[in-house]
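Novice: Listed here are the chains, written in short residue letters.
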Amino acid sequence: MLKQRAETLGVHVILIAYSLIAIGPILLVVMNSFKARKAIFGAPLAPPNADTFSLVGYAKVFHASHVVTYFGNSLIVTLASMVLVLLLGAMAAWALTEYRFRGSTALALFLSIGIMVPIRLGSVAILKMMRAAGLNDTLTALILVYIAQGLPLAIFILSEFIQQIPKDLRDAARCDGVPETRIFFEVIAPLLRPAIATVAVFTIVPIWNDLWFPLILTSSDSTHTITLGVQQFLGQYITDWNAVLAALSMAILPVVAIYVIFSRQLISGLTAGAVK
Amino acid sequence: MAKLHIDALNKSYGETKVLVDVDLAIEDGEFLVLVGPSGCGKSTLLRMIAGLDAPTSGDIYIAERKVNALAPAERRIAMVFQSYALYPHMDVLKNMTFGLKFTGVPAAERERRVAEAARMLRLEPLLKRYPRDLSGGQRQRVAIGRAIVREPDVFLFDEPLSNLDAALRVSTRVEIARLHRLLKATMVYVTHDQIEAMTLADRIVVMNQGRIEQVGKPLDLYYEPANLFVAGFIGSPAMNFFTGRVERIEGGEALVTGPCIGSVAVPAATFSPGDDLTLGVRPEHLGQGAGAFSTSGMVELVERLGEASFAHVRRADDRLMVAEIRGRDTPAPGESVTLSAPAQDIHVFDARGRRLAATPVNSA
Amino acid sequence: MAEPMSQVVASMPRGRFLALMALFLGPSVAVYTLFSIYPLIATMALATYTTDSAGAYAFVGLANFVTLLADSVWSKPFWNAAWNNLIFFAVHMAVQNPIGIALAGLLSLPGIRFKSLYRTAIFLPTMLSVVIVGFSWNLILSPLWGVAEGALKSVGLGGWFAPWLGLPSTALATLALISVWQFVGIPMMLIYAALLNIPDELVDAARVDGLGNFRIFWHIKLPLVLPTIGLVSVLTFVGNFNAFDLIYSVKGALAGPNFASDILGTFFYRTFFGYQLQLGNPTMGAAVATVMFFIILVGVCFYLFVIQRRMRRYAF
Numbered sequence: 001m002l003k004q005r006a007e008t009l010g011v012h013v014i015l016i017a018y019s020l021i022a023i024g025p026i027l028l029v030v031m032n033s034f035k036a037r038k039a040i041f042g043a044p045l046a047p048p049n050a051d052t053f054s055l056v057g058y059a060k061v062f063h064a065s066h067v068v069t070y071f072g073n074s075l076i077v078t079l080a081s082m083v084l085v086l087l088l089g090a091m092a093a094w095a096l097t098e099y100r101f102r103g104s105t106a107l108a109l110f111l112s113i114g115i116m117v118p119i120r121l122g123s124v125a126i127l128k129m130m131r132a133a134g135l136n137d138t139l140t141a142l143i144l145v146y147i148a149q150g151l152p153l154a155i156f157i158l159s160e161f162i163q164q165i166p167k168d169l170r171d172a173a174r175c176d177g178v179p180e181t182r183i184f185f186e187v188i189a190p191l192l193r194p195a196i197a198t199v200a201v202f203t204i205v206p207i208w209n210d211l212w213f214p215l216i217l218t219s220s221d222s223t224h225t226i227t228l229g230v231q232q233f234l235g236q237y238i239t240d241w242n243a244v245l246a247a248l249s250m251a252i253l254p255v256v257a258i259y260v261i262f263s264r265q266l267i268s269g270l271t272a273g274a275v276k
Numbered sequence: 001m002a003k004l005h006i007d008a009l010n011k012s013y014g015e016t017k018v019l020v021d022v023d024l025a026i027e028d029g030e031f032l033v034l035v036g037p038s039g040c041g042k043s044t045l046l047r048m049i050a051g052l053d054a055p056t057s058g059d060i061y062i063a064e065r066k067v068n069a070l071a072p073a074e075r076r077i078a079m080v081f082q083s084y085a086l087y088p089h090m091d092v093l094k095n096m097t098f099g100l101k102f103t104g105v106p107a108a109e110r111e112r113r114v115a116e117a118a119r120m121l122r123l124e125p126l127l128k129r130y131p132r133d134l135s136g137g138q139r140q141r142v143a144i145g146r147a148i149v150r151e152p153d154v155f156l157f158d159e160p161l162s163n164l165d166a167a168l169r170v171s172t173r174v175e176i177a178r179l180h181r182l183l184k185a186t187m188v189y190v191t192h193d194q195i196e197a198m199t200l201a202d203r204i205v206v207m208n209q210g211r212i213e214q215v216g217k218p219l220d221l222y223y224e225p226a227n228l229f230v231a232g233f234i235g236s237p238a239m240n241f242f243t244g245r246v247e248r249i250e251g252g253e254a255l256v257t258g259p260c261i262g263s264v265a266v267p268a269a270t271f272s273p274g275d276d277l278t279l280g281v282r283p284e285h286l287g288q289g290a291g292a293f294s295t296s297g298m299v300e301l302v303e304r305l306g307e308a309s310f311a312h313v314r315r316a317d318d319r320l321m322v323a324e325i326r327g328r329d330t331p332a333p334g335e336s337v338t339l340s341a342p343a344q345d346i347h348v349f350d351a352r353g354r355r356l357a358a359t360p361v362n363s364a
Numbered sequence: 001m002a003e004p005m006s007q008v009v010a011s012m013p014r015g016r017f018l019a020l021m022a023l024f025l026g027p028s029v030a031v032y033t034l035f036s037i038y039p040l041i042a043t044m045a046l047a048t049y050t051t052d053s054a055g056a057y058a059f060v061g062l063a064n065f066v067t068l069l070a071d072s073v074w075s076k077p078f079w080n081a082a083w084n085n086l087i088f089f090a091v092h093m094a095v096q097n098p099i100g101i102a103l104a105g106l107l108s109l110p111g112i113r114f115k116s117l118y119r120t121a122i123f124l125p126t127m128l129s130v131v132i133v134g135f136s137w138n139l140i141l142s143p144l145w146g147v148a149e150g151a152l153k154s155v156g157l158g159g160w161f162a163p164w165l166g167l168p169s170t171a172l173a174t175l176a177l178i179s180v181w182q183f184v185g186i187p188m189m190l191i192y193a194a195l196l197n198i199p200d201e202l203v204d205a206a207r208v209d210g211l212g213n214f215r216i217f218w219h220i221k222l223p224l225v226l227p228t229i230g231l232v233s234v235l236t237f238v239g240n241f242n243a244f245d246l247i248y249s250v251k252g253a254l255a256g257p258n259f260a261s262d263i264l265g266t267f268f269y270r271t272f273f274g275y276q277l278q279l280g281n282p283t284m285g286a287a288v289a290t291v292m293f294f295i296i297l298v299g300v301c302f303y304l305f306v307i308q309r310r311m312r313r314y315a316f
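Protein sequences, first through last, are from chains A, B and C.
Numbering (the UniProt record's numbering) for the first sequence: 1 to 276.
Numbering (the UniProt record's numbering) for the second sequence: 1 to 364.
Numbering (the UniProt record's numbering) for the third sequence: 1 to 316.
In case anyone wonders, no lab produced these hints; they're calculated from the structure.
Check before you lean on any hint, since a few could be wrong.
Derived, one-sided and incomplete: chain C residues facing chain A with beta-carbon distance under 7 Å [as the list claims (entries may be wrong)]:
{"no.": "1", "residue": "G26"}
{"no.": "2", "residue": "A30"}
{"no.": "3", "residue": "Y32"}
{"no.": "4", "residue": "T120"}
{"no.": "5", "residue": "A121"}
{"no.": "6", "residue": "I132"}
{"no.": "7", "residue": "M292"}
{"no.": "8", "residue": "V300"}
Derived DEER-like restraints, expressed as beta-carbon distance ranges [what the hints assert, rightly or not]:
{"no.": "9", "chain 1": "C", "residue 1": "L202", "chain 2": "B", "residue 2": "V337", "range": "40 to 50 Å"}
{"no.": "10", "chain 1": "B", "residue 1": "G39", "chain 2": "A", "residue 2": "R193", "range": "29 to 39 Å"}
{"no.": "11", "chain 1": "A", "residue 1": "L253", "chain 2": "C", "residue 2": "V298", "range": "34 to 44 Å"}
{"no.": "12", "chain 1": "C", "residue 1": "Y38", "chain 2": "B", "residue 2": "G39", "range": "46 to 56 Å"}
{"no.": "13", "chain 1": "A", "residue 1": "I16", "chain 2": "B", "residue 2": "A115", "range": "38 to 48 Å"}
Built from N, CA and C at the ideal position, the CB exists for glycine as well.
With the hints as extra help, turn the sequences into a complete structure.
Specialist: As structure tokens, then:
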């Protein structure tokens, strides 16, 4: 018994220690972003108090960059990509798992190439194509690329989820006379909700966080995403610690907030065995 | 309400034959049970009647109408699945009405049908609940209700009780029997449980390895099994089999002897000396004492159930046979016993496993 | 065996079935082919051309690859980047995956409370942008701020501190460790999920046999999650040989000091877009991308045909 309790205690010590390693640096950056310059350097590990509290960094970020625009762009690009990746991915996954036809296995293989081969390697041609189509420096270009990037893994994950839906359900729907398209939209699609978290972690979060494609496909402030905007702002104001910490925190906080709110679903979705 | 007619149905996946030349005619209002060991093709047959799987060849007629090319919904069937297959994101009411929307049933009519089915199955208090909040028995009733509101010509049940616990299985079985009387509908019911088959069926179809072994009324199958498979499948514990050989023909009777049986006379009609055959005796017909047929062995185990006990007896050929013994006076393990059976309870099967209509006449 | 086609589908008129498939698969296949597969192929095709000063393209066959791998002006930085990339990957395999496995093992022990809290905390960095993570660590490790130095001093190791990101000998390893810190949540989560799938009875049986927690993990659980570890390894490989953001945001396109932290991703970026006074070269960039493609392809094929084939998946 005693040995067991000592063992449990040891496990907790290790897990707490690693959890601190994981969130400590993030906490440090966020904490110091609310402090005056002197306090940042004087006592970096102290939380802000009445004396040291300052929003000067945030004022600077709002003043010197189009952070609201960047944020809006990221939101548009990520949401549009997410909706389309989920919708198109689920439809394709359903068609590939449910309907067998000549070439369906080959098509599934074709679609899975993108899981392993990063689309980034096609950047040279993507840029040429977008220029030719007059789409360079538009959010549309980003959304199209991100859908193409996200689909293969989304189809893979959603197929696994679809296979877990009892086959009897669609048989029952067919006996009930439900048309094939409605079977997907009214019977299958609502049951895929638990998959959204898994798809989000593996395909949507990388879109929000991506630097590469905004870097090569967008050139003006009006189309920059938050990741690129912050990156460029950081490069420009590298010596202004208040501004840098504030910019970092502004990029961190929304993600952390959403993550913490949904972490239960997110993690249960991840561990539900979708990716085995 | 409709007749169902199946004509030379075959199904194979590549080399594997799942169904072989299945012919079957089901009467209007009949309760037909398909029974057999797992993998015998009974579920496949049901799914083909439903239109969920396509036959490799052969035809299916429902109400004199060839339905091969029709979608399930156009066949006027309803199916109750083993897993219930309730839509998890719809409440009970929606589950029952969902399919009706697509088959053009007007709203008022939908309401009437649901009200009626809910009353019949005592589902009224559950209509607003979701499947996850229902017990197994309630889910099964909803699944049956969903079938009833479709007012189908034929009800199809795919092992509907196998996910229920023992007590619930009995009460739901009674419920289904009551529904059949009430609705007077044609029902085809798949199960691997012979008790379900015996209690529910007007007629039973015993299937094995994709073929129909026998079709008949429950007690006919029990008393007159067509072959070794049916004889062994229907009845629990299973029938005891004894191998034997025809010694000689004498006065229209064949004298049979075997490794663990005393010699027995059977009608000679189809036999000639030297022929192999199998004799079958049900455990309840094997008793202690004298009879036309006798065998002996050593008791290995006695299972006491109360109304009867099952003695497992090791025979001379080292196989076990089971005898049902009534009363408190049971043999003890290790005891040698002689068991016998009256002539009319002995089943005779020829070398190909087919049962001969007549029974042995007397002991030799 | 593939599930046989249902009667419903088999009896559907051919035109209607095609329309249904076009509706369900058409958009995905179109976007994916146009913006993922076609660019890959076009990039490989472009790698066999060269441009002159007027911008006209001329077919040169494999000449670009010969230049890249053999001409010392190109091959030196290329091999440097490839070698660094290999080190980057090795650090992940040696540090990230063992830590991830260990954490998953600890979290899957029975009777550990606050599991979801620990998981949430450890997975948090994975959710953040690599750019943000890179910059944050840049600040934390900066001698200017002195946080890292202060932390080491507080445990009496102040002498160990060095501007790790700035030194050629340590820059790459430090960056790799930052990446490990960020992504350790992925192996942890995937392996944790696999561990959860092991039936409790199996673990109970081992416990009844007298095995302690560590031995149960080592002899029972670990062998059963080997396929997941294989999957994690190939995901790490693909991710590492495709990495760019971290090094670009911490060290810039030049991947300093003196290319000490240059990996294939940054090398590709410089080749294609140019840097400082050097002009970008799309055809050579395409050649670099093609080589990266083949490196990843070799890794993936090695996984699919050598590793995965030898691993047995156990059904529970």
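Novice: Determine for every hint whether it applies to the structure shown.
Specialist: Hint by hint, here is what the structure shows:
{"no.": "1", "hint": "G26", "verdict": "9 Å, violated"}
{"no.": "2", "hint": "A30", "verdict": "10 Å, violated"}
{"no.": "3", "hint": "Y32", "verdict": "5 Å, holds"}
{"no.": "4", "hint": "T120", "verdict": "4 Å, holds"}
{"no.": "5", "hint": "A121", "verdict": "4 Å, holds"}
{"no.": "6", "hint": "I132", "verdict": "5 Å, holds"}
{"no.": "7", "hint": "M292", "verdict": "6 Å, holds"}
{"no.": "8", "hint": "V300", "verdict": "5 Å, holds"}
{"no.": "9", "hint": "C:L202 / B:V337: 40 to 50 Å", "verdict": "45 Å, holds"}
{"no.": "10", "hint": "B:G39 / A:R193: 29 to 39 Å", "verdict": "36 Å, holds"}
{"no.": "11", "hint": "A:L253 / C:V298: 34 to 44 Å", "verdict": "41 Å, holds"}
{"no.": "12", "hint": "C:Y38 / B:G39: 46 to 56 Å", "verdict": "48 Å, holds"}
{"no.": "13", "hint": "A:I16 / B:A115: 38 to 48 Å", "verdict": "60 Å, violated"}
The structure does not agree with the numbered hints 1, 2, 13 stated previously, though it agrees with the rest.
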